[in-house]
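Novice: Using the hints, position chain B against chain A.
Spelled out, the chains give:
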Amino acid sequence: RKEVEQDPGPFNVPEGATVAFNCTYSNSASQSFFWYRQDCRKEPKLLMSVYSSGNEDGRFTAQLNRASQYISLLIRDSKLSDSATYLCVVNLVQGAQKLVFGQGTRLTINP
Amino acid sequence: IAGITQAPTSQILAAGRRMTLRCTQDMRHNAMYWYRQDLGLGLRLIHYSNTAGTTGKGEVPDGYSVSRANTDDFPLTLASAVPSQTSVYFCASSLHQGANSPLHFGNGTRLTVT
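Line by line, the protein sequences are chains A and B. The numbering of the first sequence is this note's numbering, which starts it at 1 and goes up by one. The numbering of the second sequence is this note's numbering, which starts it at 112 and goes up by one.
Only chain A is shown next, with the shape it has when bound in the complex:
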């Protein structure tokens, strides 16, 4: 089983729709969680950290479910500019930077 798994998609949704991705992780000792965004042929960029209590940044909401070992990303009122690949990232070891990246979920927002 992969340490971090994502549905690769692609997800094709109309502009204005709400879309959600899940990401599962295998190590219950994982310490911190992130969503990164990567545009085609560009570098990944941090979208948001994921906190235990859940957190929201504008149209984006991230949640963590430790019991079921998954994190989610919800995008409301999707824009054309949201088209990108979304990478789930998990830090496995406390105090050391051992980040494991999921393979990414590709999202296309259609006009």
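Simulated from the structure, these hints should not be mistaken for lab results. Watch out, some of these pointers could steer you wrong.
As the list claims (entries may be wrong) - Below 20 Å or equal to it, Euclidean Cα-Cα: the simulated DMTMM-like pairs (lysine to aspartate or glutamate) are:
(1) A:98 - A:57
(2) A:2 - B:170
(3) B:168 - A:82
(4) A:79 - B:173
(5) A:2 - B:184
(6) A:45 - B:173
(7) A:42 - B:149
Specialist: Here is chain B on its own, set in the frame of chain A:
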């Protein structure tokens, strides 16, 4: 402009040749990393450095070496390139090695080994 600079942007390299990918950051970040990104496999860590003067092996270190002589520079060397090293290489840095320190990535180097 503060950030991470990688060079070259792209390179075609004959198998067996030696190649150094350059990475420089001006954010005074302590930790630096090299990742490779391949279709269907995501980003995989090659080598990392938690602070100047120290380095460590990541998930896929074979065929690669790094050095960290100072805070700003973290070059990645392929001693004798092989076709399986064809990939997109990203250098990254973080303020420290702690769990909640996000990564900042360079623009990447597209390497093709023929």
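Novice: Compare the structure with each hint and give your call.
Specialist: A quick look at each hint next to the structure:
no.	hint	in the structure
1	A:98 - A:57	violated, 25 Å
2	A:2 - B:170	holds, 13 Å
3	B:168 - A:82	violated, 35 Å
4	A:79 - B:173	violated, 42 Å
5	A:2 - B:184	violated, 32 Å
6	A:45 - B:173	violated, 27 Å
7	A:42 - B:149	holds, 13 Å
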